Amino acid sequence: MNILGKRYLFFVISTVFILVGLAIIVVDGLPLAVDFKGGTLLELQYSSPNLPGTEEVIAIYKDYNFEEVSVQTAVDTSGQRTILVIRSPFMDEQVKGDIVTQLEAKTNGQITVNQFESVGPIIAEQVTQRAAVAVGIAALAVVIYITFAFRGITNAFRYGICGILAMMHDVLIVVSLSAIGGKLFGWQVDSMFLTALLTVIGFSVQDKIVVFDRIRENSTIFRKLQFEKLVNHSIIQTLQRSINTQLMTVEFMLLALALFGGITLREFAVILLVGLFSGTYSSIFIAAPLLVVWENKEWKNWFKKKETVAG
Amino acid sequence: MKRRYTNLILILVLLAAVIWIDLPSTSQIPLINKSISTVLGLDLRGGMQVILKADLPEGSEITSESLQVARQILENRSNGLGVSEVVFQVAGSNRIVGEFPGASNAEDVIEQIKQTGVLEFVDIGDNLYNFLPGDEIITDFASTTKVTAVPSPDSLGTDPDTGETEKPVFHTVMTGIDLKGIGVNSPIANTYEINFELTSAGRDIFAEHTSNNIGKFLAIVLDNKLISAPTISTAITEGTGTITGSFTIDEANALAVQLRYGSLPIPLVVEQIRVIGPTLGQDSLEKSLIAGLVGFILVALFMAIFYKVPGILADFSIIIYALITFALFRLIPVTLTLPGIAGFLLSTGSALDANILIFERLKEELRNGRTLSQAIELGWKRAWPSIRDSNIATLITCSILFWFGSTFGASFVKGFAITLVDVIKHPENHLKWFGI
Numbered sequence: 007m008n009i010l011g012k013r014y015l016f017f018v019i020s021t022v023f024i025l026v027g028l029a030i031i032v033v034d035g036l037p038l039a040v041d042f043k044g045g046t047l048l049e050l051q052y053s054s055p056n057l058p059g060t061e062e063v064i065a066i067y068k069d070y071n072f073e074e075v076s077v078q079t080a081v082d083t084s085g086q087r088t089i090l091v092i093r094s095p096f097m098d099e100q101v102k103g104d105i106v107t108q109l110e111a112k113t114n115g116q117i118t119v120n121q122f123e124s125v126g127p128i129i130a131e132q133v134t135q136r137a138a139v140a141v142g143i144a145a146l147a148v149v150i151y152i153t154f155a156f157r158g159i160t161n162a163f164r165y166g167i168c169g170i171l172a173m174m175h176d177v178l179i180v181v182s183l184s185a186i187g188g189k190l191f192g193w194q195v196d197s198m199f200l201t202a203l204l205t206v207i208g209f210s211v212q213d214k215i216v217v218f219d220r221i222r223e224n225s226t227i228f229r230k231l232q233f234e235k236l237v238n239h240s241i242i243q244t245l246q247r248s249i250n251t252q253l254m255t256v257e258f259m260l261l262a263l264a265l266f267g268g269i270t271l272r273e274f275a276v277i278l279l280v281g282l283f284s285g286t287y288s289s290i291f292i293a294a295p296l297l298v299v300w301e302n303k304e305w306k307n308w309f310k311k312k313e314t315v316a317g
Numbered sequence: 007m008k009r010r011y012t013n014l015i016l017i018l019v020l021l022a023a024v025i026w027i028d029l030p031s032t033s034q035i036p037l038i039n040k041s042i043s044t045v046l047g048l049d050l051r052g053g054m055q056v057i058l059k060a061d062l063p064e065g066s067e068i069t070s071e072s073l074q075v076a077r078q079i080l081e082n083r084s085n086g087l088g089v090s091e092v093v094f095q096v097a098g099s100n101r102i103v104g105e106f107p108g109a110s111n112a113e114d115v116i117e118q119i120k121q122t123g124v125l126e127f128v129d130i131g132d133n134l135y136n137f138l139p140g141d142e143i144i145t146d147f148a149s150t151t152k153v154t155a156v157p158s159p160d161s162l163g164t165d166p167d168t169g170e171t172e173k174p175v176f177h178t179v180m181t182g183i184d185l186k187g188i189g190v191n192s193p194i195a196n197t198y199e200i201n202f203e204l205t206s207a208g209r210d211i212f213a214e215h216t217s218n219n220i221g222k223f224l225a226i227v228l229d230n231k232l233i234s235a236p237t238i239s240t241a242i243t244e245g246t247g248t249i250t251g252s253f254t255i256d257e258a259n260a261l262a263v264q265l266r267y268g269s270l271p272i273p274l275v276v277e278q279i280r281v282i283g284p285t286l287g288q289d290s291l292e293k294s295l296i297a298g299l300v301g302f303i304l305v306a307l308f309m310a311i312f313y314k315v316p317g318i319l320a321d322f323s324i325i326i327y328a329l330i331t332f333a334l335f336r337l338i339p340v341t342l343t344l345p346g347i348a349g350f351l352l353s354t355g356s357a358l359d360a361n362i363l364i365f366e367r368l369k370e371e372l373r374n375g376r377t378l379s380q381a382i383e384l385g386w387k388r389a390w391p392s393i394r395d396s397n398i399a400t401l402i403t404c405s406i407l408f409w410f411g412s413t414f415g416a417s418f419v420k421g422f423a424i425t426l427v428d429v430i431k432h433p434e435n436h437l438k439w440f441g442i
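Going line by line, the protein sequences match chains F and V. If you number the first sequence the way this note's numbering does, the last residue is 317 and the count never jumps. If you number the second sequence the way this note's numbering does, the last residue is 442 and the count never jumps.
Don't read these hints as lab results, they were simulated from the structure. Check before you lean on any hint, since a few could be wrong.
Short, incomplete list of chain V residues facing chain F, as computed with Cβ under 10 Å [to be verified]:
#: 1; residue: 286
#: 2; residue: 289
#: 3; residue: 351
All values derive from a computational prediction rather than experimental measurement. Think of the CB as a built atom: it goes at the ideal place given N, C-alpha and C, for glycine as much as any other residue.
Put together the whole structure using the sequences plus the hints.
Now the structure itself:
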């Protein structure tokens, strides 16, 4: 099996997916949740599908000087459209209580507050900064660690850089996915998303290390072998493990979570599902091929593969 | 051979203990009286989380000590209101996170406890305004421009918008943070006074101010309302003082309580609120448990079918791993949240990764014609570096997540990080326990 032979095909596939997501982000922006953007999310559970109209809700909010208000309905666990999700600027508990009372008066029915999240603008900004710092530090720490772990072999630094490039690929895949999900299903980028993202980074690196470790081991065994063949051989050796751990165990868990885990966990589970898959995919189809591209210095002849290589 | 049996017995004993801890009916370890319970996060049981931020001007210093004091006061107040199981934690350098499990009247609670109760000792000079208890006093405490002299009534400008006379702003000499001890005393029958003791920092400030302002009034102000305005009769240099006034015993006690517990050292504002309804929490809990069970059965089946006997052994080791982890969560205790459960499930999947790495290595070595015991030895040895390195990478990202979670009280995130860190306790050794 010659996986490396088709390396540019895989580069193109990933690039296309990422570009779709990035295009959505350029047009619509990333669908940030109140965690990062600040503001209020109020999710109300009505006892019947007799929900107040959007206009009515906005009118009530206007009385409290809230201008930018968006109202959505959602389906509850029994499939009935009895949930109202209202997004508005930041408010405190007192105002929320008043608004809920007013809404209750509109429909003469009991309303349960399923969720109320209100985030002030300053903390939102700081959380966003911290999030960026967290992702940055994670990336940096991982490069340093890989470089350190592979210090014994030639070009240890390359492994670090290729690992990071592949990891950035995974991050971009996840970001693109959430942009696409935001467009299609109204997903939001919240602190759960960040958790998923950092987990993807962790697992992605874990996976790259397993593949790199094989290359490290093989390069001491087969000293004479051409680098490209060596890498291809290493990938095939670890392929079974990659499929078994990633697809069969971790992804099974996540699939179960996505299917049965309830609304709150679904988005999180899907992002992890795709992200961890991408982590495995990129170790085989991005990270290792990049090592070969680097070894062969393929940029010198416009990324043409060396012809001497056979499967 | 003998050692192997000893190990097996040890494992069985440990396992029995762990299962006993995991049982829902177990609530306490006898002898050491350590209580055991499963702590569910707000997202699973419903409740309110609120983040309060110190409301001080940019650049003012907030000591961790004053945050701790504020935290304690908030907790006392909440308990005073009869709200159970409230937890307040200091988060980062200027925030306090409060968690109210299952609180249904959260609005009222928050409104009451966040009443700042900032106690200030304010220099009002000769009290030319004739302030009476209950009057509003504006101070420079929360503003960046400090007042240096007591404003006289003639020097006040008029507000260009309303045409009213501007309100005077006075200087805050000291705040409640410098109070150490408070007591009520009755020197003569039916008169009451409040004695207070100051911290060393407070003593210096107070000594300097009182020696320079003998005969002037020093207003005691709580939440911008004048409580009493005693005159400074002598310089107070020893760090203790007395507040006299026409107090009844009840008033004196109330004031003492306000001074002792009631005053937050720093004003706080609500910066973030999260309320999860109890039904949503219950729903999430049930569904995630079902999902976890389904996922686990799938994975266990896969391992058993694909790897046969070793796979079944790995399943056993994973069950033991899960039992031990859950027991630890109950012992420490670790708060279980929704992402926490997800992280836990993920960690079991990932813990199998180590097993699979070893099994795949083992198969390879067998194919290369080694004997079973050689293959096990080699498989273990060769799979180890990648298991080690990859787990350290996960640990790195988890600790970063943990840091992120702790600074913002995003305890949901923190729960995830903690449970995932369990990955490091990979049951690589479990296979060896079983003696293969």
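Evaluation of the provided hints:
1. Below 10 Å, beta-carbon pairs count as interface contacts, and residue 286 of chain V has one with chain F at about 5 Å; its hint therefore holds.
2. Because the closest C-beta pair between residue 289 of chain V and chain F is about 6 Å apart, less than 10 Å, the hint holds.
3. Because the closest C-beta pair between residue 351 of chain V and chain F is about 5 Å apart, less than 10 Å, the hint holds.
In terms of the numbered hints stated before, the structure departs from none.
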